[in-house]
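For the record, the sequence lines run as chains A and B. Heads up: the first sequence is residues 8 to 203, going by my numbering. Heads up: the second sequence is residues 6 to 156, going by my numbering.
It is worth saying that the hints were derived from the structure and are not from the lab. Where is the CB? At the ideal position from N, CA and C, for every residue including glycine. Mixed in with the good hints, there may be bad ones.
Each computed SDA-like pair below joins lysine to any residue, with the alpha-carbon atoms no more than 25 angstroms apart [what the hints assert, rightly or not]: (1) B:90 <-> A:109; (2) A:108 <-> B:99; (3) A:106 <-> B:156; (4) B:105 <-> A:92; (5) B:88 <-> B:43; (6) B:141 <-> A:132; (7) A:130 <-> B:135; (8) B:105 <-> A:191; (9) A:118 <-> B:153; (10) A:118 <-> B:94; (11) A:173 <-> A:127; (12) A:96 <-> A:62; (13) B:87 <-> A:133.
The following label-pair restraints were derived from C-beta to C-beta distances [as the list claims (entries may be wrong)]: (14) B:125 <-> A:78: 24 to 34 angstroms; (15) B:17 <-> A:96: 44 to 54 angstroms; (16) A:79 <-> B:121: 43 to 53 angstroms.
Here are some chain B residues the structure puts well away from chain A; computed CB gaps all over 12 angstroms [claimed, not checked]: (17) 66; (18) 77; (19) 130.
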Amino acid sequence: MIMLFLALVSWGASAQHDHSSSGHSGSSHSNTAPKMKEEPRVIPSIKVKHSLLATSILDNYLALKDALVDDNSKKAASSGKMLFDALGKFDLSSQDASKQKELKEILDDAKENAEHISENGDKIDHQREHFEVLGGDLKDLIVITGSDRTLYQLFCPMYNNNKGGKWLSVSDKIKNPFFGKKMEKCGRVLVEISVK
Amino acid sequence: MKLLKRIGLAILVVLVGIQFISTRTNQSSEVPSTDFILTYKVPDEVGQTLHTSCYNCHSNNTNYPWYSHVQPVGWFLKNHIKKGKAELNFNEFGSYSVRKQKSKLKSMASQIEQDEMPLPSYTLIHRDARLTPESKKLLVDYLNALQDSLQ
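Between the sequences and the hints, there should be enough to build the whole structure, so can you do that?
Quick look at the structure:
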């Protein structure tokens, strides 16, 4: 399952790469026109079950993401605190016994990252570092527990000295939480996570 | 005036009194198998650097400086070490989940890279704990490579 997912993602990544390079060669005069002519790219998709368990976690994560898009570290800190609380309220006992260990590890890591974000209201770069790890944690979380909404995992290749960074959003429209207004449009869709 | 004298005396008594409260509680000669350096067979040079610059506050064994005898400095240190260990304890690293290990490795590398760690207030007194540009690079490269190798 993981291998298949990785294969899909890397295929999506290379497809995007081919696409953008061909787009560049034919569009030296205009930045917007060629986009209209692009054929829709096939986005890899995974399906998760419908569940309300992660609703408040996702609500607060997305509020945190929006605060970082707006370069608002104070608001990011308060959303981080609310996210921390929501993660703490997650009821592990409702989950399959075989999944509880992994879920606990995910929740623990996510809580630690949320806590750092809440405690660093004056250091937005530091908040963004933890936000990046958090996005991976929450994606893994909803793959197991399910989601109440369609989400997109987005990817900014330039973040962290070009190592790249991922995040989750309800929209496939890019609003970059790692660079904020400095580079709002940097990024692309990696995978669509839809609800069965 | 008499009142001032009394207050002064009371402060003195408290200051002397608190010197008898030991705070050197973070000491252990045992290195558990979950220790970071043991778990990952860390190269000597990296291990040495970690010991000198990080282990005092991030392990179960602190090499206490003389001024930790002086209160309330010792209390400040105690609290400081407690927080440091809660955040990251090299002695327990091997017992962390792989997810947490990767998370921590990422944070370690970035904290070192940005000169946030070791704390400037710490290296001010512990000059030997300062990282040279070379030792910084050595650590960051090692930590990043280890993070990438963990699945």
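Consistency of the hints with the structure:
1. B:90 <-> A:109: Holds: residue 90 of chain B and residue 109 of chain A sit about 24 angstroms apart, inside 25 angstroms.
2. A:108 <-> B:99: holds (17 angstroms)
3. A:106 <-> B:156: Given that 25 angstroms is the threshold and the Cα spacing comes to 18 angstroms, the pair holds.
4. B:105 <-> A:92: holds (19 angstroms)
5. B:88 <-> B:43: The hint holds at about 23 angstroms.
6. B:141 <-> A:132: Holds - the C-alpha atoms of residue 132 of chain A and residue 141 of chain B are around 20 angstroms apart, at most 25 angstroms.
7. A:130 <-> B:135: holds (23 angstroms)
8. B:105 <-> A:191: violated (30 angstroms)
9. A:118 <-> B:153: Holds, at roughly 22 angstroms.
10. A:118 <-> B:94: Given pair residue 118 of chain A, residue 94 of chain B holds - Cα atoms ~18 angstroms apart, limit 25 angstroms.
11. A:173 <-> A:127: holds (21 angstroms)
12. A:96 <-> A:62: holds (11 angstroms)
13. B:87 <-> A:133: Holds, at roughly 22 angstroms.
14. B:125 <-> A:78: 24 to 34 angstroms: holds (26 angstroms)
15. B:17 <-> A:96: 44 to 54 angstroms: Holds, since residue 17 of chain B and residue 96 of chain A (Cβ atoms, about 50 angstroms apart) stay within the stated range.
16. A:79 <-> B:121: 43 to 53 angstroms: violated (22 angstroms)
17. 66: holds (24 angstroms)
18. 77: holds (24 angstroms)
19. 130: holds (24 angstroms)
In this structure, the hints that do not hold are numbers 8, 16, in rising order.
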